[in-house]
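Please model the complete structure; the sequences and the hints are all you need to start from.
In order, the protein sequences belong to chains D and G.
Note that the first sequence ends on residue 346 in this note's numbering; no numbers are left out.
Note that the second sequence ends on residue 326 in this note's numbering; no numbers are left out.
FYI, nobody ran anything at the bench for these hints, they're computed from the structure.
One or more of the hints may lead you astray.
With the Cβ distance kept under 10 Å, some of the chain D side facing chain G (calculated, not the full set) [what the hints assert, rightly or not]:
1) VAL142
2) TYR205
3) ALA220
4) LEU223
5) ILE226
So the derived list for chain D, only partly shown, Cβ under 10 Å to chain G, looks like this [stated by the list, open to error]:
6) LEU145
7) GLY208
8) TYR212
9) HIS334
These figures come from a predicted structure and were not determined experimentally.
A virtual CB, placed ideally from N, CA and C, is assigned to each residue, including glycine.
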Amino acid sequence: MSTSTLKPPPAPQAPAERPRRSLAETVFRVRELSIGGALVLLILGTWLANPSFLDSQGVKDLLLNSAILVLLATGQSVVVLTRNIDLSVGSVVGLSAFACGSFVSGSDHSAVTVLLLGTGLGVLCGLVSGALVSFGRVPALVVTLGMLYVIQGIGHAWAHGDQINAADVPQGVLDLGSGSVLGVPYLPLISAVVLTGTAYYLRTYRGGRELYAIGSSPEAARLAGIPIRRRVLAAYAFSGAVAGFAGALWLARFGTVVADAANGWELTVVSAVVVGGLAITGGVGTVWGAALGALLLTTIGSALVVLKVNPFWEQAITGVLLLAAICADRVVRHRTTEALRKRRRP
Amino acid sequence: MNKYVRYLRWDTGLGILLVAVLLAGAGSTEGFAETTNLSAALNDTAEIALIALPMTLLVVAGQVDLSVASMLGLSSALAGALWDAGWAFELIVPVCLLVGVLGGLLNGWLVTRVGLPSLAVTIGTLTLYRGLASVVLGNKAVADFPDTYAQWASYTETVPGTFVPYPIALFAVLAVVAAVVLHCTGFGRSMFAIGAQEQAAWFAGVRVKRIKLVLFAVTGLMASFAGIVYTLRYGSARADNGLGLELVVIASVLLGGVDFNGGKGTLGGAVAGVLLIGVLNNLLTLNDVSNEIQVIVTGALLIVSVLTPRVIAVLGERRQRRTAAP
Chain D
1 MSTSTLKPPP
11 APQAPAERPR
21 RSLAETVFRV
31 RELSIGGALV
41 LLILGTWLAN
51 PSFLDSQGVK
61 DLLLNSAILV
71 LLATGQSVVV
81 LTRNIDLSVG
91 SVVGLSAFAC
101 GSFVSGSDHS
111 AVTVLLLGTG
121 LGVLCGLVSG
131 ALVSFGRVPA
141 LVVTLGMLYV
151 IQGIGHAWAH
161 GDQINAADVP
171 QGVLDLGSGS
181 VLGVPYLPLI
191 SAVVLTGTAY
201 YLRTYRGGRE
211 LYAIGSSPEA
221 ARLAGIPIRR
231 RVLAAYAFSG
241 AVAGFAGALW
251 LARFGTVVAD
261 AANGWELTVV
271 SAVVVGGLAI
281 TGGVGTVWGA
291 ALGALLLTTI
301 GSALVVLKVN
311 PFWEQAITGV
321 LLLAAICADR
331 VVRHRTTEAL
341 RKRRRP
Chain G
1 MNKYVRYLRW
11 DTGLGILLVA
21 VLLAGAGSTE
31 GFAETTNLSA
41 ALNDTAEIAL
51 IALPMTLLVV
61 AGQVDLSVAS
71 MLGLSSALAG
81 ALWDAGWAFE
91 LIVPVCLLVG
101 VLGGLLNGWL
111 VTRVGLPSLA
121 VTIGTLTLYR
131 GLASVVLGNK
141 AVADFPDTYA
151 QWASYTETVP
161 GTFVPYPIAL
171 FAVLAVVAAV
181 VLHCTGFGRS
191 MFAIGAQEQA
201 AWFAGVRVKR
211 IKLVLFAVTG
221 LMASFAGIVY
231 TLRYGSARAD
241 NGLGLELVVI
251 ASVLLGGVDF
261 NGGKGTLGGA
271 VAGVLLIGVL
281 NNLLTLNDVS
291 NEIQVIVTGA
301 LLIVSVLTPR
311 VIAVLGERRQ
321 RRTAAP
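What follows is the structure in structure tokens.
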């Protein structure tokens, strides 16, 4: 560096700057690449140890197991991008699954009605959280923790220990959870569609970019005239909608549900998002990363089962991998910042 | 506006609310004011109360520890496994506490040295410690702990002359210590400084990293101690003890008016928050209100607790604007 500052940069050197910049930019993208790489390594390693991991049933299980988590992680990322958090998703899933279940029990409602009902319920929950956060201007963690209890309580009070039985759920709804098109189950397809749509919106549309702006610097976003309150409200409504939708899918997949079906899932979802490289402080990351994080968490669980690891070890190993992923992400980000700083220096 | 807020501080309001609820409960609910009930109600909050103390300091310093309930479970599982292996209980306790400190140090190290946000770190260690707990004890349950210690933790044994059970008596002592540390020492002021503006605190010479590390270690220590209390109180060591308790602890602290963004809050408020949730739950149970409604009440209280100061502030601003307008 010191030599280049001594002599004036000759003209032919200018093109040489190009590859360096693209390197830094690649490192930026590596964040998703590294999670994807870890995922591929994990899948390959498990497959080598036990080939049945990747037979058609194994792949199907993997996709089905991760579908709902991917969906929830997508919704959560949109909120996390705005420097907020939604801890109520687990309880929304439970409430929605139970509500949908009791709605269709013993009737012949179609799958579409159920999905609409679940989504509607989720939007309602999301709007309440969102309104409290955006218009009350209060910490999101506190509000959504409160909403977690309220929604959970409503679900429990309503269910009163009852459960929905698969036998009462119409076949049309159950088919949604177990059916497939060209060998690919519906659930992961639906998740992929929602994921792609969200990613496209965040990347391309003004509203999506504004979510990033809000998360990066709320003050700057406010000065730039971005309608922060409306955007945050919308983000929560979306997260709620996805959670409610996931609840309906939960019913379709399992048939038998209780009101606290997804109890404790909020932290799993946040884990997936964090592992996926979204900064908990907002403004950084993509939903692709979050989806990869969700996929990674699910795959770790499945791989440990296939590798016949003592189930008591499963959670501990997941915890270590989680920490490793967070640390690795931090190191990559640090390197990137360094690389960018070097580039900027004359 | 300052004057307005000063007289309507949330934590003093909460203290008044607590007294009001106590009086209302004594007046309306039979059996509430009986000493055995009060002992039981207090003792039911023991673990939450104990963990809430260091958690308050941590949140004031702008950090959070979600791994406390997992550490409680790990400590309980470890106590069970060692007891099963024939260790003396007097030896088990320090080992569990040491593990708690080590767990806290790991959290602190990841936050201060690696530079990760505490929310992300402790979500990771939440999974790790709970996993270690099930590695240590599997799905066994160990009971038959020595009577002297089980008695110590039960609500029937109280400090002579009062209705205060021993875990709560200990909590009271520790609460005073924590309050003095937080509000009367330079160490406590540093926590507020870190929570308010970490970089400014660092420039002002506050040893930010060391303080954070100490706070995480103390939180781990208290969580593992709460694990021992939990084990003795329920007479059962299990790997899944205290599952989900971290959110209840944080809810109590936040209800007490401690600002989640750091830099604001009082220990008295946090204690009032813990007690209010405990007393309300007890009252609702005595009145045959179902557990579900209790959960809803907790949630609603939490939301109200962050909204009220905000509403007061907005009203204050409005009043100020009206007086300033002409």
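Going through the hints against the structure:
no. : hint   : verdict
1   : VAL142 : holds, 5 Å
2   : TYR205 : violated, 28 Å
3   : ALA220 : violated, 18 Å
4   : LEU223 : violated, 20 Å
5   : ILE226 : violated, 21 Å
6   : LEU145 : holds, 6 Å
7   : GLY208 : violated, 24 Å
8   : TYR212 : violated, 18 Å
9   : HIS334 : holds, 8 Å
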